[in-house]
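Protein chains: 2
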Amino acid sequence: MAEKQIKVGLVGFGTVGSGVAKLITEEADSIAAKTGLRLELARVVDIDTQSARPVKLPDGILTDDLNKLLDDDTIQIGVELVGGTDAAKEIQLKMLQTGKDVVTANKALLAEYGNELYQAAQQNGRCIAFEASCAGGLPIISGIRTGLSANEIRAMYGIVNGTCNYILSNMTSKDEEFADALAAAQQKGYAEADPALDINGDDSAHKLAILASIAFGYEITLDDIFVEGIKAISKDDIHYGGEMGYVLKLLAIGQKDKNNRVSLRVHPSFIARDNSLARVDGSFNAITIFGSAVGQVMYYGRGAGMMPTASAVVADIIDVALGNSATTFRHLHLKPRNETAPLIDKIGNLISRFYIRVMCKDQPGVLAQIAKILGDHQISISGTLQHEGAGPENTVPVVIATHLTQQKNISAAIKQIKTLDVIGGEPVCIRIVDIPEDKD
Amino acid sequence: MAEKQIKVGLVGFGTVGSGVAKLITEEADSIAAKTGLRLELARVVDIDTQSARPVKLPDGILTDDLNKLLDDDTIQIGVELVGGTDAAKEIQLKMLQTGKDVVTANKALLAEYGNELYQAAQQNGRCIAFEASCAGGLPIISGIRTGLSANEIRAMYGIVNGTCNYILSNMTSKDEEFADALAAAQQKGYAEADPALDINGDDSAHKLAILASIAFGYEITLDDIFVEGIKAISKDDIHYGGEMGYVLKLLAIGQKDKNNRVSLRVHPSFIARDNSLARVDGSFNAITIFGSAVGQVMYYGRGAGMMPTASAVVADIIDVALGNSATTFRHLHLKPRNETAPLIDKIGNLISRFYIRVMCKDQPGVLAQIAKILGDHQISISGTLQHEGAGPENTVPVVIATHLTQQKNISAAIKQIKTLDVIGGEPVCIRIVDIPEDKD
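Chains as they are written, first to last, in the working numbering: chain A, 53 to 492; chain B, 53 to 492.
Derived by calculation from the structure, the hints in this document are not laboratory data. Keep in mind the model is a prediction, meaning the values are calculated, not measured. One thing to keep in mind: the hints can contain errors.
Since copy identity is lost for identical chains, a pair holds within one copy or between any two.
As the list claims (entries may be wrong) - Heads up, simulated SDA-like pairs for lysine to any residue below, C-alpha to C-alpha not over 25 angstroms straight-line:
id	residue 1	residue 2
1	Lys-387	Glu-55
2	Lys-424	Phe-278
3	Lys-120	Met-296
4	Lys-413	Gly-476
5	Lys-226	Arg-331
6	Lys-86	Arg-206
7	Lys-470	Cys-481
Start from the sequences, fold in the hints, and give me the full structure.
Printed below as a string of structure tokens:
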């Protein structure tokens with residue numbers, strides 16, 4: 053069969069961009085053998101045209117002039133790997149307007165402006181493919197849209213930020229404090245110099261917005277997602293939670309109830325030690341999905357890095373070139389915002405179990421006072437832990453795990469506990485997430 | 053957007069067939085909303101038209117006459133869920149000849165006659181979609197063909213037979229002997245009344261043949277695969293292996309070396325306790341794949357059962373109806389048999405570590421004799437285990453783990469060990485498989 057020539061233009065020649073250039077140039081033969089497509093990197097655009105990169109480009113294709121890509125009608129596919137939202141949005145819109153399909157790994161952009169971009173693509177008769185935007189090398193988006201297309205997705209639980217998972221794993225296994233684990237992650241290249249987007253949970257929220265919109269079929273906005281990062285996590289709580297049988301992970305959680313109400317949240321979560329997500333260590337990602345027919349499915353692999361993310365970008369380029377992405381994209385029908393908005397659950401309504409730690413003065417009656425406040429708020433205790441030995445200012449940690457209760461009850465109870473004069477410092481409150489596991 | 057009507061004909065109204073009928077009839081609205089496709093079950097064919105099934109079909113569509121399906125030109129997609137090879141092959145060929153695309157879960161048929169059927173499909177301008185043939189609900193085939201299309205697949209390690217995994221899990225966790233664990237699996241419905249295909253390893257080999265052909269791009273035949281089942285496994289060996297840090301799994305393994313030589317095998321395998329596949333329990337399936345760009349990816353979920361398998365069948369129906377399967381199928385280029393055959397490695401060349409147990413008379417010098425034979429065959433010992441206490445006829449188990457060596461060296465050494473007069477019974481030999489794990 054004759055090979056079909058596909059010209060690709062790439063904007064953003066950083067880490068992932070270099071990986072994409074490497075795959076397209078070095079694997080062209082094997083991709084052609086497998087797919088019948090001869091990929092050609094026709095243009096690479098970056099403001100930095102001087103720095104050395106770990107790939108040799110064909111002569112003359114690197115430029116700092118975006119128009120050289122846009123004006124080239126032989127380029128069918130534009131890959132946007134600039135990141136960020138402002139310039140990247142302009143670039144994607146211009147690519148669509150000049151008749152190019154778009155492939156991107158830009159989760160922040162899609163989370164914030166996805167609906168606008170999808171519409172622009174549909175108006176221009178083009179498609180946007182974004183497998184690489186969530187969980188790097190894991191084919192989770194095609195998994196949801198193709199593999200699980202006969203299912204109603206009921207819930208998803210994901211470890212989708214490798215930086216946070218690396219930090220929490222080290223805090224757990226090496227008994228490190230947050231600041232030390234973050235520094236180690238930065239030194240290893242797993243965390244950016246400015247790690248805010250990761251450790252605040254925003255990066256996980258971006259990915260959840262994208263995944264939840266395609267899984268539930270809703271127009272999701274970032275405001276729909278409750279977000280709490282990992283900055284305030286202490287190794288002591290990881291340790292105490294561990295004694296109670298839990299492992300701490302930053303989870304992105306999306307759930308749809310029987311009335312089609314959706315709850316979306318990113319927060320530190322204690323999960324049972326024997327849950328499969330508890331064993332996902334270091335910079336790895338994993339996502340567990342519950343489908344109405346398939347039951348539990350888990351994807352596990354590298355969620356970031358040059359080649360894993362490039363693998364997803366090039367898979368999208370191939371899928372676009374084969375015409376499959378266009379078909380799938382044409383059928384991306386999200387329930388519009390006015391219908392979706394009333395179906396988004398507020399975090400106050402969340403029913404969860406909770407881990408609470410309060411530093412208490414070591415004197416009689418303290419536990420009774422706390423227990424009374426919890427009882428007054430209809431919060432039932434499932435376990436407690438109190439070690440001997442002193443904390444700061446002669447306090448001891450009192451750790452309590454609760455049964456299911458509403459978030460707003462906990463918030464009200466904690467507010468009242470803070471007024472007790474036997475308390476030292478801020479109470480810690482971490483959600484315990486009971487992820488169901490299919491069993492025989 | 054107007055809905056596109058897709059008429060589906062189903063042959064084989066057993067467990068999975070009932071699940072497919074259920075999904076198509078009960079989820080038609082949600083599938084239409086997501087994909088723009090209105091699936092209609094137009095015809096169901098089964099020799100048994102009387103037994104009750106857990107789904108209500110539209111009136112008049114159930115028949116025992118295959119021609120009613122074949123002759124109906126409005127039926128675009130034929131689903132073959134008869135199983136077995138003879139009748140099923142005829143049915144698929146007739147479907148293709150009458151202009152229908154084929155969706156199937158029939159791994160035995162594809163493993164044995166896949167190349168012939170693929171050719172027939174291509175000659176008729178039709179496609180065959182077979183996601184459901186391997187690992188039920190796990191979208192592993194689309195994962196390899198689409199998600200990992202930019203990768204050279206280097207290796208795959210799969211737990212792809214839920215029956216065997218259920219049996220081995222119970223032998224491990226409940227200290228049951230094989231016969232008892234098999235009986236329990238049969239009682240729970242996880243094993244057939246005739247479990248031969250599962251416990252002999254043949255079912256796993258069927259799936260490996262399909263997965264390896266698409267992953268490596270070779271025309272694979274069943275004869276290329278070395279197969280050893282789990283019938284001879286004793287709980288004692290699971291126990292001793294466990295003491296050495298290993299868990300026993302029936303693995304389907306495909307590896308491609310730097311010279312493009314492929315080795316394919318299904319056999320009981322001791323794997324490290326902390327490997328992610330070691331934690332896959334009960335009837336679940338999991339497949340770890342190593343891609344050149346993506347690194348390690350694992351899929352985990354239900355590999356069988358009515359609704360998980362039906363989920364994969366209906367996903368294929370949707371993919372065929374959207375036209376995506378045709379595109380992917382057109383590009384299924386397998387290296388033809390005459391080029392593939394010389395690239396298949398024989399099991400004798402396998403380099404592996406081995407677990408060996410020999411029942412020895414409890415007398416001086418026995419271990420020395422065995423160790424000498426191993427040394428004479430250039431086999432280096434990595435660990436030994438010998439417990440006090442008597443086996444049958446005053447023997448004790450001597451357990452040895454080896455370093456890497458060739459299969460043929462082990463076979464020769466075992467042959468010689470069997471001639472020792474201090475030996476009771478047949479020596480046990482189980483491969484130790486060191487699955488690499490990507491780490492930070």
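Status of each hint after checking the structure:
Within a single copy, Lys-387 and Glu-55 get their C-alpha atoms only as close as 39 angstroms, which misses the 25 angstroms cut-off; across copies the closest is 17 angstroms, which meets it. Taking CA atoms no more than 25 angstroms apart as the test, Lys-424 paired with Phe-278 passes in neither setting, with 29 angstroms inside one copy and 66 angstroms between copies. Taking the closest pair of Cα atoms, Lys-120 and Met-296 never come within 25 angstroms of each other, the shortest separation being 60 angstroms inside a single copy and 62 angstroms across copies. Taking CA atoms no more than 25 angstroms apart as the test, Lys-413 paired with Gly-476 passes inside one copy only; the shortest distance there is 7 angstroms, against 68 angstroms between copies.
With identical chains, the CA atoms of Lys-226 and Arg-331 are at most 25 angstroms apart both within one copy (15 angstroms) and between copies (23 angstroms). With identical chains, the CA atoms of Lys-86 and Arg-206 are at most 25 angstroms apart between copies only, with a shortest distance of 15 angstroms across copies and 35 angstroms within one. For the homomeric pair Lys-470 and Cys-481, the shortest alpha-carbon distance inside one copy (12 angstroms) is at most 25 angstroms, but the shortest distance between copies (64 angstroms) is not.
Checked against the numbered hints above, the structure breaks hints 2 and 3 and satisfies the rest.
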